[in-house]
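In the order they appear, the protein sequences are chains A and B.
So the first sequence is numbered by the numbering used here: it starts at 458 and just counts up by one.
So the second sequence is numbered by the numbering used here: it starts at -6 and just counts up by one.
Everything labelled a hint here was simulated from the structure, so no lab data went into it.
Any given hint could be a false lead.
[Said to hold, decoys possible] Restricting the straight-line Cα-Cα distance to at most 30 angstroms, the calculated cross-link-like pairs of lysine-lysine (DSS-like) are:
| # | chain 1 | residue 1 | chain 2 | residue 2 |
| --- | --- | --- | --- | --- |
| 1 | B | K108 | A | K485 |
| 2 | B | K59 | A | K612 |
| 3 | A | K485 | B | K33 |
| 4 | A | K506 | A | K525 |
| 5 | A | K475 | B | K81 |
[What the hints assert, rightly or not] Covered stretches of chain B (in silico footprint by chain A; criterion: 3 or more residues with CB under 8 angstroms from a CB of chain A, positions within the stretch not fixed):
| # | region |
| --- | --- |
| 6 | 10 to 20 |
| 7 | 47 to 56 |
All residues carry an ideal CB built from backbone N, CA and C; glycine is no exception.
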Amino acid sequence: MSNRIDPLGEAGLEFYSKVSASISHEIKNSLAVINESAGYLEDVTLMAKKGMNLDMDRLQSLAGTMLKQVQRTNTIIKNMNRLAHSLDDPASQVDLNALIELMINLSERTTVTRGFKVSAAFSDTALTITTHPFFLENLIWLILDFAMNVTGDAKTIELLPVKAESGARISFTGLEKLTASEFNDFQTERVRLMLAALNCTLQTDENKGIITINLPETITQPVQ
Amino acid sequence: MTDKVLIVDDEQDFLDVISDRLTARDMNVSTASSAKDAIKKIDEESFDAVVLDLMMPEMDGLETLKIMKEKNPDLQVILLTGHATVEKGIEAMKLGAMDLIEKPADLSAIVERIKRAKAEKIILVEKKSEKRIRELLTRKGW
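Using the sequences and the accompanying hints, generate a full structural model.
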C-alpha cells in the first residue's frame, strides 16, 4: 500500500475546505446582522412597553435589512449546494457562463479581501460543454489564486468564456506581470493532473497578460 | 461618563444596527467601514475600546490591530470574527488584542468587554500618571 497522497484529491479537498471556510464566514456575517436586528427589535419593544414612541421608518428599514440578509444567505447556500453537486457526476453538461459566475461568487470573499476585483464578460448564448465540473471549478480557483500574484496595479481580473472550434476557451485577462517562469512554477503536479483529467490545455500570452484554458467539447476519459 | 467606542466592520448593515443598540445603552459610538478609516479615527480621537472585525477587505483585522497597537500601545482592542481559528486567536492575543469574540455575538458580551476595556484603560492611564508624578518628584527632589 502506498502512503503517497493523491495530489488531485488533495487539491480538491484543499479547494473545498477553503470555499467552505469562506462560505461559513459569509453566513456568520449575515447571521450577525440578523442577530443584531432581532436584538434591536427586542430593545424597541421594551422601550415601547415603557411608553416610548416607535420609529416606524427605522422599523421598516430594519425589516428591509433582515430580508436582504436572508436573501444573501440563501444565495450563499444555493452556491454552496451547486458546488457540492458538481461532484455528482464525473462528466456532465455544464454551461460555462453559469460555472464561471458560480466561481466568481464563491471566490469573492477571498478576492475582495485581497483587494482584487474579478469580473466576467459572458457570451450572450449558452456555452455548453461536457466536462468534470468539480475539476474545472478547482482549476479556475487555482488560476485565480495564481492570477492575483501577477496582475497589474489595477488589481482586476476579467474572465472571458468563448466558443472555440474544438470546444470552448476561458481566458483570464489583466495579468500584466505574468512571466513564463512564474507560469512554469504554477504548473505543479496537481495542475498537470487536473489538466489531464479535463483533457484540456493551458496557453499563455505574456505580452498581453493572458492565461487561457482550452477545453474540449466533451471529455474523453472521465475521471472516476 | 459614557464609554467611547469605535466599531470597525466592512458590513454597513451590522455597523448601523450595533451602533444604534450601543448608543441606546449610553455609549458614545463611532463607526468605520474600513481599516484605513479606523486608523484615521484613532489618530484623531481617543477611544475606550475598539471593536474590530478580523476579516476585512484590503487590510485584515490582524494587520490593522498591529498598526493600531504601534500607534497607541494602550489601546484596548476587542476582535470580532466570523470564523475564529485557534491560530488566529493566539496571533491576535500576541499582538495585544484584549479579547476575541465570535460572530454572531450576544450584545451583552460585547458591552461587558467594552466596560472591561475601559477599566483596563483607566488602570493604564493611572499607572502612567503615577509614574510621571514619581519621576517629577525624583527630578525636583521634593
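Each hint, compared with the structure:
no. : hint            : verdict
1   : B/K108 x A/K485 : holds, 25 angstroms
2   : B/K59 x A/K612  : holds, 25 angstroms
3   : A/K485 x B/K33  : holds, 28 angstroms
4   : A/K506 x A/K525 : holds, 28 angstroms
5   : A/K475 x B/K81  : holds, 16 angstroms
6   : 10 to 20        : holds (count 5)
7   : 47 to 56        : holds (count 5)
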